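Here the protein sequences come in this chain order: L and V.
If you're matching positions, the first sequence starts at 1 in the numbering used here and goes up one per residue.
If you're matching positions, the second sequence starts at 1001 in the numbering used here and goes up one per residue.
Keep in mind the hints are simulated off the structure, nothing from the lab.
Check the hints yourself; a few may be wrong.
As the list claims (entries may be wrong) - Capping the alpha-carbon separation at 27 angstroms, the derived lysine-lysine pairs in BS3-like fashion look like this:
hint : chain 1 : residue 1 : chain 2 : residue 2
1    : V       : K1397     : L       : K76
2    : V       : K1051     : L       : K98
3    : L       : K117      : V       : K1006
4    : L       : K132      : L       : K75
5    : V       : K1397     : L       : K116
6    : V       : K1015     : L       : K112
7    : V       : K1402     : L       : K17
8    : L       : K112      : V       : K1249
Keep in mind the model is a prediction, meaning the values are calculated, not measured.
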Amino acid sequence: MISLKNINKSYSIGSNKLHVLKGINLGIEKGELVSIMGSSGSGKSTMLNILGMLDNYDMGEYYLDGKLIQNLSEKKAALYRNEMLGFVFQSFNLISFKNAMENVALPLYYQKVSRKKRNILAMEYLDKMGLKEWAMHMPNELSGGQKQRLAIARALIAQPKVILADEPTGALDTATSYEVMKILKEINDDGITIILVTHESDIAAMTNRIIRLKDGVIEKNIYNGDLQEFRSQNLLNENEIKKIHETLV
Amino acid sequence: MFDLDKWQEIFETIKKNKLRTILTGFSVAWGIFMLIILLGSGYGLENGVRKEFEGDAVNYLSINGGVTSKAYKGMKPGRYIQFKNEDHNILAGLNNVDKSSSRTRLWRISTINYKNQYGTFDVFAISPDYKYVEDLDMIHGRFLNENDQEETRKVAALGRLVYEELFKDDENAIDKYINIGGVPFKVIGVFNDPGSDRDLQRIYIPTSTGQRVFGMGERVNSVQLMLGDATVEQSYQTSEEIRSAMSDKFKFDPTDQRAIYIYNSIEDYQRFMDLFASIRIFIWFIGIGTIIAGIVGVSNIMMIVVKERTKEIGVRKALGATPWSIVSLILQESIMITAFAGYVGLVLGVGLLELISGSFQGDSYFANPEININVALGATLILVIAGALAGFVPAQKAASVKPVVALRDE
Chain L
1 MISLKNINKS
11 YSIGSNKLHV
21 LKGINLGIEK
31 GELVSIMGSS
41 GSGKSTMLNI
51 LGMLDNYDMG
61 EYYLDGKLIQ
71 NLSEKKAALY
81 RNEMLGFVFQ
91 SFNLISFKNA
101 MENVALPLYY
111 QKVSRKKRNI
121 LAMEYLDKMG
131 LKEWAMHMPN
141 ELSGGQKQRL
151 AIARALIAQP
161 KVILADEPTG
171 ALDTATSYEV
181 MKILKEINDD
191 GITIILVTHE
201 SDIAAMTNRI
211 IRLKDGVIEK
221 NIYNGDLQEF
231 RSQNLLNENE
241 IKKIHETLV
Chain V
1001 MFDLDKWQEI
1011 FETIKKNKLR
1021 TILTGFSVAW
1031 GIFMLIILLG
1041 SGYGLENGVR
1051 KEFEGDAVNY
1061 LSINGGVTSK
1071 AYKGMKPGRY
1081 IQFKNEDHNI
1091 LAGLNNVDKS
1101 SSRTRLWRIS
1111 TINYKNQYGT
1121 FDVFAISPDY
1131 KYVEDLDMIH
1141 GRFLNENDQE
1151 ETRKVAALGR
1161 LVYEELFKDD
1171 ENAIDKYINI
1181 GGVPFKVIGV
1191 FNDPGSDRDL
1201 QRIYIPTSTG
1211 QRVFGMGERV
1221 NSVQLMLGDA
1231 TVEQSYQTSE
1241 EIRSAMSDKF
1251 KFDPTDQRAI
1261 YIYNSIEDYQ
1271 RFMDLFASIR
1281 IFIWFIGIGT
1291 IIAGIVGVSN
1301 IMMIVVKERT
1311 KEIGVRKALG
1321 ATPWSIVSLI
1331 LQESIMITAF
1341 AGYVGLVLGV
1351 GLLELISGSF
1361 QGDSYFANPE
1371 ININVALGAT
1381 LILVIAGALA
1391 GFVPAQKAAS
1401 VKPVVALRDE
């Protein structure tokens, strides 16, 4: 689904050049649930932005679903983003003057779906996220967890191939974080590739693969099988997880 | 072209950002309102003064005899200069003169009557072309003509107010006889004059008749010379010729300003026209200043709007908005607000002018303050375009920002 070959990216800050990504090589298959970890400044957010076509890269090749994503025109990038990607942000990035339903429906507006149709679809996705009763509420009337679920509904409505989540649980408490992760896992079970950036080990531990970045290179690629050890170190035990899930339901 | 969805999107944005919309709208409406009021008032002032000129030609010289004030060729000052018919003929032959007339006021005529209706009016003996000097319109009948003059007919043309006073119940006056100083005159016409009412309380009779019947010999009071479409310079030139011709004949010092008086309507008219040109420039200067202030106001607000919406723009881009869809969204919103507010300002301004117009009826130097609707629409259009341009630059900038930068902007 995703293939990165020798991706390099640097920012110029004044006269200094900051080399953030120093040759990233990475392949992600369809249906994977991947987390990118790393200390701050390791380049994880930059990498996610490149994956999301929100930012461009200096060198290398990036293929998304077989298409080379390189020097795209703004228009083309917008089209690809709309068709293939869904975004979930740490700060939700909901549009404050639109109600929940309108926020969810927005990606379809850019696909020229009729108002009636996209509102019906938006209600479906809100229902899926358990937010049906909140459809007419403004974002500032919702709790953090509700906002993030709203954002996930918005990311899903255009039926993307990949969901990119930048610290999706960064602004949430533990219980809500786990709730959001549960939802993401369910989405992943439907076959949608999910890549999330996090610095929380317990969140990363719920994914099937962890990519550890350090100083702009991939330091470690921990796969599912090897996760046991990582889990035992970082995750709450099964009972605790169950308890949290029960409180959510 | 007409994208209903987009308009709905815009209306929703406007509805949810009322203060911003009102502020933008206000600065535009205010600019247009002030411009309309300014232009309208200027036009009203001009109309008022122009009305004073109405009813008289604006291309004639009127020459009156005076009293000499300087000694000349052995003659003492203090001589009266009295024009006669021959002087009229001399002056009529000067350069640039298109038409000419003489005018003599008949004094000591106490009453004029038609049957039992009596009145006191000014009676002038004039030559037929005087019609062009006063720029008269005939309501009934005809004006005096050359035949009346040559045959010394006892005929009279009445001003509208004279007619109304002497002839009650819209009685037909033509071919009726009125008494002027005891002499019966046949009414041949009734005239109207857009100028002041004084000009309508006059009775005109032929010069020849006046001179013979009322024993004035060959004397005339004043001579009017129409100069066609002469320029101010040409009128000065003719004035000089008049002065030198008359000074030759009457033997007065050509530099003696009191020997004869020349009223130059061309110069007078030109002076007012120049004044209005200056006023107009002044008004446009202020008007353009007001418009610029409006534009600056709109630009400021648009810049803040775009700044405020940077994050929203980032979100929209992440969700698949193309740069153009962002730019056009902001532009359409800006154009809609400015157009609507401009229209409101236009309506309010024109409304106030109409209100003022109603309270300034009658004789004053302020009449019919109106505004050329094309100018008003043009100004509104300029403001709308300027508002759009003002929004375009920051919108373009915001739309070209990478979504990641826009999203980072907290």
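The hints, checked one at a time:
no.	hint	result
1	K1397(V) to K76(L)	19 angstroms, holds
2	K1051(V) to K98(L)	60 angstroms, violated
3	K117(L) to K1006(V)	16 angstroms, holds
4	K132(L) to K75(L)	33 angstroms, violated
5	K1397(V) to K116(L)	32 angstroms, violated
6	K1015(V) to K112(L)	22 angstroms, holds
7	K1402(V) to K17(L)	19 angstroms, holds
8	K112(L) to K1249(V)	95 angstroms, violated
Violated hints, in rising order: 2, 4, 5, 8; the structure is consistent with all others.
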